[in-house]
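Protein chains in written order, with this note's numbering: chain C, 1 to 602; chain V, 1 to 602.
Since the hints were derived computationally from the structure, they do not count as laboratory data.
Fair warning: there could be bad hints in the mix.
Stated by the list, open to error - Under the rule of at most 16 Å between Cα atoms (straight-line distance), these lysine to aspartate or glutamate pairs were calculated in the EDC-like manner:
| no. | chain 1 | residue 1 | chain 2 | residue 2 |
| --- | --- | --- | --- | --- |
| 1 | C | Lys33 | C | Glu161 |
| 2 | C | Lys86 | V | Glu247 |
| 3 | V | Lys340 | V | Glu448 |
| 4 | C | Lys340 | C | Glu247 |
| 5 | V | Lys86 | C | Glu448 |
| 6 | V | Lys19 | V | Asp36 |
Said to hold, decoys possible - Chain V is faced by these chain C residues, among others (derived, beta-carbon under 8 Å):
| no. | residue |
| --- | --- |
| 7 | Asn38 |
| 8 | Glu91 |
| 9 | Pro92 |
| 10 | Arg271 |
| 11 | Glu300 |
| 12 | Val364 |
| 13 | Pro389 |
| 14 | Ala584 |
| 15 | Val594 |
To be verified - To be clear about the criterion: a stretch of chain V counts as covered by chain C if any three or more of its residues have a C-beta under 8 Å from a C-beta of chain C, and this derived list gives those stretches:
| no. | stretch |
| --- | --- |
| 16 | 261-275 |
| 17 | 360-368 |
Yeah, the Cβ is synthetic: ideal placement off N, Cα and C, and Gly gets one too.
If you want the building blocks of each chain, they are given just below.
There are 2 protein chains.
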Amino acid sequence: MPVSPIQTYLEQLHARHAKEAAGRVADYIPELKLADPNWFGICIATHDGHVYEVGDARQPFTMQSISKPLAYGMALEQHGEPAVRKRIGVEPSGDAFNAISLHPQTGTPLNPLINAGAIATCGLVRGRTADEKIAGILDTFSRYAGRPLQIDERIYHSESETGHRNRAIGWMLRNFGVLEDDPTPTLETYFRQCSIQVTCRDLALMGATLANGGVNPVTGVRAIPQAYVTNVLSVMATCGMYDASGEWLYRTGLPAKSGVGGGILAVQPGRLAIAVFSPPLDPQGNSVRGVAVCQDLSTELSLHLFDASQRGTPVVRMFTTRRNVTSKQRRPAAAMERLKGIGRRLRLYHLQGALVFASIEQVVRRLMDRSTDTEFFILNLRLVQGISPSAAWLIAGTRAKLAEMGRSLVISEAGIWWQALVDAGVPREAFFSDDDFALEHGENFLLERHYPEPHATDRVALGDCALFAGMADAELAVLDALLVRQTYARGQSIITAGHASDELFVITAGSAMVSIPTQDGVARLDALTGGMSFGEIAFLDRSPRSANVTALSPLECRVLTRAAFAQLGSDAPQIKIRLLENIALGLTRSVRQVSRELAALK
Amino acid sequence: MPVSPIQTYLEQLHARHAKEAAGRVADYIPELKLADPNWFGICIATHDGHVYEVGDARQPFTMQSISKPLAYGMALEQHGEPAVRKRIGVEPSGDAFNAISLHPQTGTPLNPLINAGAIATCGLVRGRTADEKIAGILDTFSRYAGRPLQIDERIYHSESETGHRNRAIGWMLRNFGVLEDDPTPTLETYFRQCSIQVTCRDLALMGATLANGGVNPVTGVRAIPQAYVTNVLSVMATCGMYDASGEWLYRTGLPAKSGVGGGILAVQPGRLAIAVFSPPLDPQGNSVRGVAVCQDLSTELSLHLFDASQRGTPVVRMFTTRRNVTSKQRRPAAAMERLKGIGRRLRLYHLQGALVFASIEQVVRRLMDRSTDTEFFILNLRLVQGISPSAAWLIAGTRAKLAEMGRSLVISEAGIWWQALVDAGVPREAFFSDDDFALEHGENFLLERHYPEPHATDRVALGDCALFAGMADAELAVLDALLVRQTYARGQSIITAGHASDELFVITAGSAMVSIPTQDGVARLDALTGGMSFGEIAFLDRSPRSANVTALSPLECRVLTRAAFAQLGSDAPQIKIRLLENIALGLTRSVRQVSRELAALK
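Isolated chain C (complex conformation):
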């Protein structure tokens, strides 16, 4: 398996920081002192579950404080936000990790990531006994990691034997009524929670679960409701790195949490997670190598969330009026002439990228600016990569505003964004499967509004058919005798894609549609009316039919068979020459039209 350049980059990063000798392994719990200061692992897990790992990525260690934000998420899920917020604040304390930091008036812990807040959180986690509580915590944390996690019993006993300060905090919380019972089971739960064993790889996947909106991307199992993910990340951002939280956000711009076991977990929401494991700690209790690695990653990979250098790119990729792009609906010459005059009143916009407030705002602004001289707007969403709820209701709201002014706004190629727009109030009739149908609808809208009287559509004489242009009456009489007359009912299939073919059709009355099946239904390739012909290509190159043709109304055709065509060559070569010239002329028109569409798309 070839080595990814990302893997190579991480190995270089690891080598660069492995030399760092500063920091001291935590010693306030005897068992933690046993950690090897040379252990050093780096992992990046993507929101879709791919893990890059370097160094001691599979060495087990205890989560310690990294468990706190995840337990906080459990409390939010089990009790709802208001109940939790009554007992635990979300303000950074500015104090060291082991400070008691209770609110001077209420006695509530300032935030869930200092010990006092984490113990209060443990008090909220459901379970009548310490065993029930820790079982729930282990279950949830295992969902985050995507594998069953266990407690390091030796660390737990060491924590429990030396956790006097935390017992003091527990009794202070009991004193203020933040804990309602004997704090002992809660404290034992807390000690065990801190002693849950993970690897650097586990930690990265736990972060990827947060980055992925609460679902472990490998197992597909939800660990926390999406609604609470933002809350968990927010407290990590302001309080995650003890009294170096400000410095951390300043340097890396990522929500994160560290533990005195030497782990650090950082999350780029919606994108990825970084986990680093290296036991030597700085005076604030954060892994020295972990902090340095995350700072380098943030800078070198441009992960800082407040980096304004990635400014919004134009959301409108292409816009055009009907002067440049028209529907495939062929219309009588008079109607086409009318549309030339009013076609500017139709505008087509191709949007791209993620539609969030800041990008849809640009679209809304353009549409409203144009609403004075434009009557029909089409938004094509083919290149759209996401729609936020606000973008959806702003599209619906703009449509409503335009409707008040007698303007129409329709959506083309909504694809998977259809449901979000319907939910936001865009009516079903405003959706079109492609620009062609939307353009036709817009052309009809303009014609009906500006020229309310309808157009007559009559039977077409053979001499008025494009295929027979320039023929003398005698020649037309020969053809009239040669061409078979066939009629079709509305909706009847005339040609089926894939079938063999030795007929060429000329429409003398009615209309038909050339289409191919697509994922969303059908795409119309061409619309045909009296005087037009179809089926030339397969007729000429003897290939199977490449598209379907269906009658849109009662249809009358004149049919030229291949046998009759061959016959003409010997009986009336001048007629055949004229016919071939007209066929070739029609084909040049097709080439030009398709090429124009191709150029417009590019």
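Following the hints, position chain V against chain C.
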């Protein structure tokens, strides 16, 4: 002018919150008490400078603490980060806005947004006198706002007369050596800085300047170097809302700063800024309506930066092997047959959206996974909306890794991202103006590697030309006499777009290219070799030539003039019929090819 639905939304938001009666106008400075508690303005300014405004958006008020992060940016610019960080920290204090909050050991203020830090910042701003300092501050702040700002002298005097606590802080800073001289000029500068008058609209544009990377989007004038914008936003995120900063980030997820004048400024980096003005304050000193409005805006417009619901969308829009898409380079049948066998070893990927680490990682992963069975990769960047430095060097790094393995990676349609990739180390020869040229290069690469012996290209007899297929020797002799022989040098123009045309060309030796001029150079529409014909379309429909044709080698053609073609109709109708059939067949091939390309693009 029609009313935007965004304007309507903001008016409803304003009306909803105007009823709020809680909070007290600041009274610790006598002049501030004069503010009308009913004043209430909301503005949103986009990163491109459009401002939505509702309510008292043009009522002047004083910036107060909102001035602090901007002054901090000036100190960073004037002294560099290390020098500033030696005197002022970036940790949230957890204390109220007027707490002294100096670091217990060093005496340095915990962060630049508490009064002590802001006064220390003022001490760093350049200028020998208070007048020089404030002139510099006014100049910079005016660049942010895009108009000349002034000081409210009455507020300034009121601040100065009652600023005893700040004087105490000044002398404490002098005591610790954070301020090096008599603090009085610095304090007077600070009082004036707090008294700079702005409107809600000004504030929004100042925020838009930060959102836009430091350049005022209306005037185009830079207010702060881009490198420091992230720093300013980071301290706003952790310390901007006094001792409600944690709560603020939890609820809104946006860097922000409030002032006791009633203003709040929040920034969505790269996107937009929100400014609210409403004098009644909550106990933390933040505008009551301002906080509520920003929370609603963040929720309703999905602005929270830690919201993981907008997960990354696929960066690879389309990928295909050469089996589905081939270059327009026509090759001898033997070469085409060879390519059929090895064409799978070429892969074309169309990327879309912003290429940042998390998205390019997906591409790198796919390429490395495929490097075992693929020898030539093309990345098309036509739909790419941005490239971060890390994405650029990862593309360059992947290319280098693949090269080590004997694989080739080229870039098609790089457009404006070309420079970033060249800077990252992608060599110039790896860029192609479109997929067609990149595909041809890939096909040549595969052919040369797998079939090192060259192909012979000889003169083509008339009977082997597609246009004369199926003709008898006698017929060919007639044509041989009729067709003019013409030769062209390499690089010579044969057909020029826009020119009139009554000739049809058949190549009997050499090769030529059909192209149209584009922004990036030329786009090749077709490549022609011996036996092929060109110029049919304009020859048939008598339109001007639609493209250029240029000789790629010494070229020999046989030319059919329109006069000779007409002559054939009477002298040799069977030849003309066969000729027309062959022309029509060629056109059907063109229609099919262009249609296939169109389908691939859609």
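Verification of the hints:
1. C:Lys33 / C:Glu161: Holds, at roughly 15 Å.
2. C:Lys86 / V:Glu247: holds, 13 Å
3. V:Lys340 / V:Glu448: Distance ~14 Å between lysine 340 of chain V and glutamate 448 of chain V Cα, so the pair holds.
4. C:Lys340 / C:Glu247: The given pair, whose Cα atoms are some 63 Å apart, is violated under the 16 Å limit.
5. V:Lys86 / C:Glu448: violated, 73 Å
6. V:Lys19 / V:Asp36: holds, 14 Å
7. Asn38: With a minimum Cβ separation of about 28 Å from chain V (threshold 8 Å), the hint on asparagine 38 of chain C is violated.
8. Glu91: Since chain V brings a Cβ to about 4 Å from glutamate 91 of chain C, closer than 8 Å, the hint holds.
9. Pro92: Hint on proline 92 of chain C: holds, closest Cβ of chain V at ~4 Å, below 8 Å.
10. Arg271: holds, 4 Å
11. Glu300: Cβ of glutamate 300 of chain C sits 6 Å from chain V, so the hint holds.
12. Val364: With a minimum Cβ separation of about 6 Å from chain V (threshold 8 Å), the hint on valine 364 of chain C holds.
13. Pro389: holds, 6 Å
14. Ala584: Because about 5 Å separates alanine 584 of chain C from the closest Cβ in chain V, which is inside the 8 Å limit, the hint holds.
15. Val594: Cβ of valine 594 of chain C sits 4 Å from chain V, so the hint holds.
16. 261-275: Holds, because 5 residues of the stretch 261-275 of chain V bring their Cβ atoms closer than 8 Å to Cβ atoms of chain C.
17. 360-368: holds (count 5)
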